[in-house]
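Colleague: Taking the hints into account, I'd like the entire structure generated from these sequences.
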Amino acid sequence: MANEIYSRTIASSFEALMPVLDDALEAMRANGCIPPGKESQTRLCLEEALVNAVRHGNHCEGDRHIHVEVLSDADRCTIKVCDEGTGFCPDAIQLPAPDTPGGRGICLIRHFMDEVRFDRENKCFVMAFKRMTA
Amino acid sequence: MPEKKEPLVRFEKKGDEIHVATVLSDSVVNPLNVSEFSQEIAAYAKQHPKLVLILNFERVDYLSSSVLSELLQIRKVVIESGGQLRLCAISDTIYEIFEITNLNTMFTIHRDGVDADIKRYQRAKAVAEQESAWSE
Numbered sequence: 001m002a003n004e005i006y007s008r009t010i011a012s013s014f015e016a017l018m019p020v021l022d023d024a025l026e027a028m029r030a031n032g033c034i035p036p037g038k039e040s041q042t043r044l045c046l047e048e049a050l051v052n053a054v055r056h057g058n059h060c061e062g063d064r065h066i067h068v069e070v071l072s073d074a075d076r077c078t079i080k081v082c083d084e085g086t087g088f089c090p091d092a093i094q095l096p097a098p099d100t101p102g103g104r105g106i107c108l109i110r111h112f113m114d115e116v117r118f119d120r121e122n123k124c125f126v127m128a129f130k131r132m133t134a
Numbered sequence: 001m002p003e004k005k006e007p008l009v010r011f012e013k014k015g016d017e018i019h020v021a022t023v024l025s026d027s028v029v030n031p032l033n034v035s036e037f038s039q040e041i042a043a044y045a046k047q048h049p050k051l052v053l054i055l056n057f058e059r060v061d062y063l064s065s066s067v068l069s070e071l072l073q074i075r076k077v078v079i080e081s082g083g084q085l086r087l088c089a090i091s092d093t094i095y096e097i098f099e100i101t102n103l104n105t106m107f108t109i110h111r112d113g114v115d116a117d118i119k120r121y122q123r124a125k126a127v128a129e130q131e132s133a134w135s136e
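Same order as they appear, the protein sequences are chains A and B.
Heads up: the first sequence begins at 1 in the numbering used here, then just goes up one per residue.
Heads up: the second sequence begins at 1 in the numbering used here, then just goes up one per residue.
No lab work stands behind these hints, which were simulated from the structure alone.
None of the values given here were measured: they were computed from a predicted structure.
Where a beta carbon is used, it is the ideal one built from N, C-alpha and C, also for glycine.
A couple of the hints might just be wrong.
Some chain B residues close to chain A (C-beta under 7 Å, calculated; not the full set) [said to hold, decoys possible]:
hint : residue
1    : H48
2    : I100
3    : L103
4    : N104
5    : I109
6    : H110
Modeller: Take a look at the structure:
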């Protein structure tokens, strides 16, 4: 059974997501959820997911909301970012041509995280690190 | 009173053509100010056509995809003004982000600092000038 180590619902804005980014990372750090040497990459993935939720999920509409949840169990640490959009298939997103702006966030998340998917039922983008086993 | 905004980048001129833009904080990865970061540099590049702009990342830990998009915009502005853009003091973490996104092919990137990059640029320029003289 996974323990919820962080949960917050915020207004869908870039201003509102900054404290969530810091607080969620602090909770992950405190619960040993960040793999050794992966602090920057974890922050990057969380920021990309939150920015996508504001920009693409909620289309920058400030009256919408984003829910962020971090779950921890013996095997993995899971981050869920839920918005009010229609969802998307992360595996279908291809790396854009080098001279094209935008569209690289999901590719970076796919590279750094062990699991990436979209939970259509709950409209949540889900990404997870597997815990290192000794 | 409106809050006074701190600049995100410090510009220094090094000789006739080289300009160094030092990113002053890792807060430039902040989604709130990433456009401002790009606008500051683009405005400077437009004021100094044909500049060789070395963007110094020594204080930056990581870059988000939003920053990568802004860097592509900056590159476009610099090239259109007849200049060159070089990125220096790029950490292993940041270089990995360029590699994953294939953007290492779009930028001149070096891991060492400003002084080493200036020397490298000047050496390459001197060699190019010698080659040009030989071919005349």
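Colleague: Starting from the hint list further up, note which numbers the structure goes against and sort them upward.
Modeller: Result: hints 1, 4, 5, 6 break, sorted rising.
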